[in-house]
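Protein chains in written order, with our numbering: chain G, 1 to 157; chain H, 1 to 568.
No wet-lab data here; the hints were simulated from the structure. A virtual CB, placed ideally from N, CA and C, is assigned to each residue, including glycine.
Calculated cross-link-like contacts (lysine-lysine; reagent style PhoX-like; alpha-carbon spacing at most 25 Å):
1) G/K72 - H/K242
2) G/K78 - H/K219
3) H/K270 - H/K463
4) H/K219 - G/K72
5) H/K547 - G/K98
Counterexamples of contact, computed for chain H against chain G with all Cβ distances above 12 Å:
6) I33
7) G140
8) T229
9) K270
10) E312
11) S342
12) D450
13) A464
14) S512
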Amino acid sequence: MTPQWNDLASELLQRFGDETRYAIPILQAIQTEQGYIPIPLLEAIASKAQHLQANQLYGVATFYSQFTFTPKGKHTIKVCMGTACFVKGAQQIVDAFKSALSIEIGETTPDKLFTLQTVACLGCCSLAPAVMIDGHVHGQVTQESVAALLKAKGFNL
Amino acid sequence: MITLAVGLGTCGIAAGAQEVYDELLRQPDPRYILRKTSCNGHCYNEPIVEVFQNEELIGAFYQVKASSVKSLLETLPSVWGQPSSRQGQEQRLVLENCGLIDPENMNDYISRGGYVALETVRSLLPMEVVSMIKASGLRGRGGAGFPTGLKWQFALNNPSQPKVVIANADEGDPGAFMDRAVLEGDPHRVIEGLLIAAHATGANSAYIYIRAEYPLAIKRLRHAIADVTAEGKLGTVLLEIKEGAGAFVCGEETALMASMEGERGMPRFKPPFPAESGLWGQPTTINNVETLAAIPWIIRHGAEAFSKWGTEKSRGTKVFSLAGKVKYPGLVEVEMGTSLRSMIEQLGGGTSSGLPIKAVQMGGPSGGCVPESLLDTALTYEDLQATGAIMGSGGVIVMDEATCMIDIAKYFLNFIQNESCGKCTFCRIGTKRMFEILSRIAEGKGELADIDELIDLSSQISKASLCQLGKTAANPVLTTLQYFKDEYLEHIVEKKCRAHVCRSLIRYHINSDVCTGCTLCAKRCPVSCIKGVTKGPHRIDASHCTKCGTCLSVCRFGAVTVSTGVHS
Chain G
1 MTPQWNDLAS ELLQRFGDET RYAIPILQAI QTEQGYIPIP LLEAIASKAQ HLQANQLYGV
61 ATFYSQFTFT PKGKHTIKVC MGTACFVKGA QQIVDAFKSA LSIEIGETTP DKLFTLQTVA
121 CLGCCSLAPA VMIDGHVHGQ VTQESVAALL KAKGFNL
Chain H
1 MITLAVGLGT CGIAAGAQEV YDELLRQPDP RYILRKTSCN GHCYNEPIVE VFQNEELIGA
61 FYQVKASSVK SLLETLPSVW GQPSSRQGQE QRLVLENCGL IDPENMNDYI SRGGYVALET
121 VRSLLPMEVV SMIKASGLRG RGGAGFPTGL KWQFALNNPS QPKVVIANAD EGDPGAFMDR
181 AVLEGDPHRV IEGLLIAAHA TGANSAYIYI RAEYPLAIKR LRHAIADVTA EGKLGTVLLE
241 IKEGAGAFVC GEETALMASM EGERGMPRFK PPFPAESGLW GQPTTINNVE TLAAIPWIIR
301 HGAEAFSKWG TEKSRGTKVF SLAGKVKYPG LVEVEMGTSL RSMIEQLGGG TSSGLPIKAV
361 QMGGPSGGCV PESLLDTALT YEDLQATGAI MGSGGVIVMD EATCMIDIAK YFLNFIQNES
421 CGKCTFCRIG TKRMFEILSR IAEGKGELAD IDELIDLSSQ ISKASLCQLG KTAANPVLTT
481 LQYFKDEYLE HIVEKKCRAH VCRSLIRYHI NSDVCTGCTL CAKRCPVSCI KGVTKGPHRI
541 DASHCTKCGT CLSVCRFGAV TVSTGVHS
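Chain G extracted, bound-state conformation (with noise of 0.2 Å):
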């Protein structure tokens, strides 16, 4: 265990505090700050807390679709796959994504530019079929746009 997950694990429950009530808003801040949730740092948390264990962690954690044990891209393609958005042709956008970027669903490109994810529904149905790349939502996306979305993120064809 390296000193420096155990400073963090330290500085995390001081933060939160040593309830398992906390496990989601720990694990949240951790996805938000690391880009993913490291094992380590879990267990050294485990070894510090109370109230939190390590298998408890790991189940909260693998539960919830938003954490991810592995860092993730700088940007996180999330194409949404909601009915409004599937009816419009959501897969092909997905299939247009995965083309380009010649990755699979939840992997990321080796240059750690990319992640590419699926989404249950944006609540932008509206604009389907949408996609949100880093937190801001584009609508009526087809297969054309996919590249020109792509290379406004630094991405070369």
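Since the structure of chain G is provided, determine the placement of chain H on it from the hints.
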């Protein structure tokens, strides 16, 4: 005085409304006041700049670009677009402020009657408030339709202290976005409703559980909470936001509480009901965002004013989100009992493709597909349930003749088997088996016995699942089987997909008599399986074709055709 209002909801911003607003800021003009508002429901026309003269809507500019701001200002005070024809056909109670006020300005909300209801309620006994809500006939807008007043009564009757109220803003049904629009456009309204619920049930802690996929709504809620706290409107109530972490099942109230307690979001057995023993064992009242947003209106106008809308068992109005293949997607709020057909045809403008409507999916993954022949069904809890669909949270997805019903059933089962929390075996494994069977049918490998297997699994999963996610998991399959069995049979027996959606069952051809040899399809084909010489007829190599349909969409001469079925 003229006011220009720019709708800055998530959908507006995605369409470029922020750039339009910024451009208007750069070109100040003494003739008008600039106001930022949120979504007014007319999402199909975003970005929208609405023009008000002395607070009265006189017209609007639609689909505005930042580059057209200058010419827009030159046009004033005349406008390009008329106020939407939808006006007058809707009954806006819950959405009364959406698109009119600045959601980050509490005084805007107060100037339209905001927080009057809270003041009124705090001079009343909790029992009196509960009676008022009971008399209004308001039922939960999140899906189940449980009477709100009765729910409050149960929590009030519980002598145990402390108590909790929770706003369920985990709007997860794909196709539903009314809660997002209310939270982004009128966040104080939800807070006021929640504080009223706290007073009526005797709670001192209030939470808003919101999904992380709604960053703008979270930002505006935080802003609003800071304002009400500074104004001392919270009284003795502690109000906090809890962000979800991405799990559809957390919209279910017991799973939501498990998630707030820091555990995996798995539903728990009821009873005990939340009003008896909820969050951390405390009596808990959980209401949906739209339900809470209706509360201040009911208190201000009286229970009778609300209950005069709607039908005997479904009182008031309901917000629906129209999406899918509808001409005017967006939000509409209509009186309960309005027919599904008039909502879709008059307010939604029919289909975007001009093709006939095939079905309307209502109620998300727990709901079902209502066929065109039943479009005259009234929008009430009971009438919708009789069709096999449900009111649900109000998501309405319009599907035209180019939608394959097996593909839709498969889509929902894939969703459910992904989102099943895994606690109940039948939901966890049964939905996976159903998805596999549907995939087989879509690939042309289905057998007639598969239909019986689907029906059997549906009934088993429904019986052996704890929560509504599992209990209703099979609804999309059952309703498509009920109304579109012929499509299932076509897929199984004739290996035919009439909507030309299921890729394994279709073939693309180029009609050599029509093909001009323009080479466009060959250039665009992502797998380079179209061969031919310039000005000569092209040909598709079927062994490499992925059936993506690009050639069909790019051909300007109608030379690409699709066939399906063993006899074609």
